[in-house]
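**Student:** In case you want the letters, here they are:
Number of protein chains: 2
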Amino acid sequence: MNIGILGLGLIGGSLGLDLLERGHRVIGVSRQETTCFQAIALGSVSEASTDMSRLQAAEVVFICTPLGLIVPKFAELISHLDDATVITDVGSVKTPIVEALSPLWENFIGGHPMAGSTNSGIEAAQRNLFAARPYVLTPTTTTPKKAISTVSEIVLSLGANIYHCQPEQHDRAVSWISHLPVMVSSSLIATAMSEREQDVLELAQKLASTGFRDTSRVGGGNPELGVMMAKYNRQALLNSLQQYRQNLDELIDLIEQENWIKLEEKLQSTQSSRRQFNV
Amino acid sequence: MNIGILGLGLIGGSLGLDLLERGHRVIGVSRQETTCFQAIALGSVSEASTDMSRLQAAEVVFICTPLGLIVPKFAELISHLDDATVITDVGSVKTPIVEALSPLWENFIGGHPMAGSTNSGIEAAQRNLFAARPYVLTPTTTTPKKAISTVSEIVLSLGANIYHCQPEQHDRAVSWISHLPVMVSSSLIATAMSEREQDVLELAQKLASTGFRDTSRVGGGNPELGVMMAKYNRQALLNSLQQYRQNLDELIDLIEQENWIKLEEKLQSTQSSRRQFNV
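Protein chains in written order, with the UniProt record's numbering: chain A, 1 to 279; chain B, 1 to 279.
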């Protein structure tokens, strides 16, 4: 099959490596010529260009740009394609993408591979990045069955586990388990830094161990990504944050009231609840 | 030297392994006879007994019981000891311990080895548990120099990094980097569970990945330990929680106001602040 990849970063590059290995012709497009050369050298694409019109030859196009560029790049892209071409994206928020793109392109289906790495860019591309990882697809009631099956077959060939849901369901789910943790974790770092006595702050920094390391990890991550989550998934994230604030207030109340029995029940409940998550 | 260990769990047992190896005579005391047998079999003590009076032969006694038992066990212990015996403890909160014990025993010095394991009990004891880990000592203005140097020398021989500070400073520092993270992390789990649509909750549980795993880890830990932290370090923890709530509210406000520039600045600041912690 001829498969196009628009945006050759960690996700686009890794996708290319797997698809090329499975015998497809992979047409890569990047804004940067140097990225095109790197993608070819790494064996991530059959051919690469800065010219979007090359994607005309593709039967399916994966849009793998950063979240904020998916809609504008899509608008440029569709003028080059036949109506039959299936388009999918890999954005980590789905509602605004699907709402913007579905009315413009019948054969569009939103997607989100839940795979990543602390590194980014084509240099970080790796084989089997999607294997045994969740890959969410968000078809709407009007998405043609053929478009769904075409993308599903490719995704299954990567070894990923497919989940189908509505864009809003996806966005709420990732708000709980991905976007809220970033904000919770970032606030932890900011709070620890608010200690006013320099000796105590330095002591805290020296004594910090695995507990602080793990709880603060995602809050110390890429600030641009954090902003993107907040910007594109604002409503779901605000809802999660308000719920979080309520839970935190309940916990503060228990400690203020020295209600150790209820506090222990609450901590027991979160201990057992955590096992229900895929962690 | 004759060194006593009261309480043969992970910390007491590991301490014994190291001290025995360094040529000391280690006298262990546990409430459970089976624990005494295990400690001897593991090479964690030279001798072990359920009889506290055996500690009379010790020049230094480490109290390694759970936090809530340190004060009552100490009260039983001192009737058996000579005044010259140095006593130290390993409790993870220092102010209430030091306030209770210092007036009763001149040769007392509070301590807290920042070492642990997910497992507990004598079975989990291991050599070099304290090596290259922080070990806080909290002498007061009245602690005799000899008591400080005796305990310091033993701690240094374990390969630990000693920090001296006031009990209140220790408790504030661990509140930021150890106790607050537990409450923040536990609230995250409780919040994710508050999703009312069953499909979305199950999706969130399936999509949960490294971000959720790390941020929720300490919130899914031992509930009794969490309660101990809150009970014994209540004031410092409440202060940390109030500060946390303020930081969280600022972040919620920025997202509500769609102030993406300030949000990015905040996330950049937490990203760089995190590097100042020993993580």
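Treat the hints as calculated values from the structure; they're not laboratory data.
Worth double-checking, as some hints may not be accurate.
Covered by chain B, according to a simulated footprint, are these stretches of chain A (three or more residues, beta-carbon under 8 angstroms) [as the list claims (entries may be wrong)]:
#, stretch
1, 165-173
2, 185-198
3, 202-211
4, 218-226
The structure presented is a predicted model; accordingly, all values stated were derived computationally and were not measured.
Think of the CB as a built atom: it goes at the ideal place given N, C-alpha and C, for glycine as much as any other residue.
**Student:** Apply the coverage criterion to the stretch 218-226 of chain A and chain B: a residue qualifies when its Cβ sits closer than 8 angstroms to a Cβ of the chain, and three qualifying residues are needed.
**Tutor:** Check passed, 8 qualifying residues.
**Student:** Does the stretch 202-211 of chain A contain three or more residues whose Cβ lies closer than 8 angstroms to a Cβ of chain B?
**Tutor:** n = 8 at 8 angstroms, threshold three: holds.
**Student:** For the stretch 165-173 of chain A, do three or more residues have a beta carbon lying closer than 8 angstroms to a beta carbon of chain B?
**Tutor:** holds (count 5)
**Student:** Within the stretch 185-198 of chain A, is the number of residues with a Cβ closer than 8 angstroms to a Cβ of chain B three or more?
**Tutor:** Three-residue rule met by the stretch 185-198 of chain A, so holds; n is 12.
Checked against the numbered hints given earlier, this structure breaks none of them.
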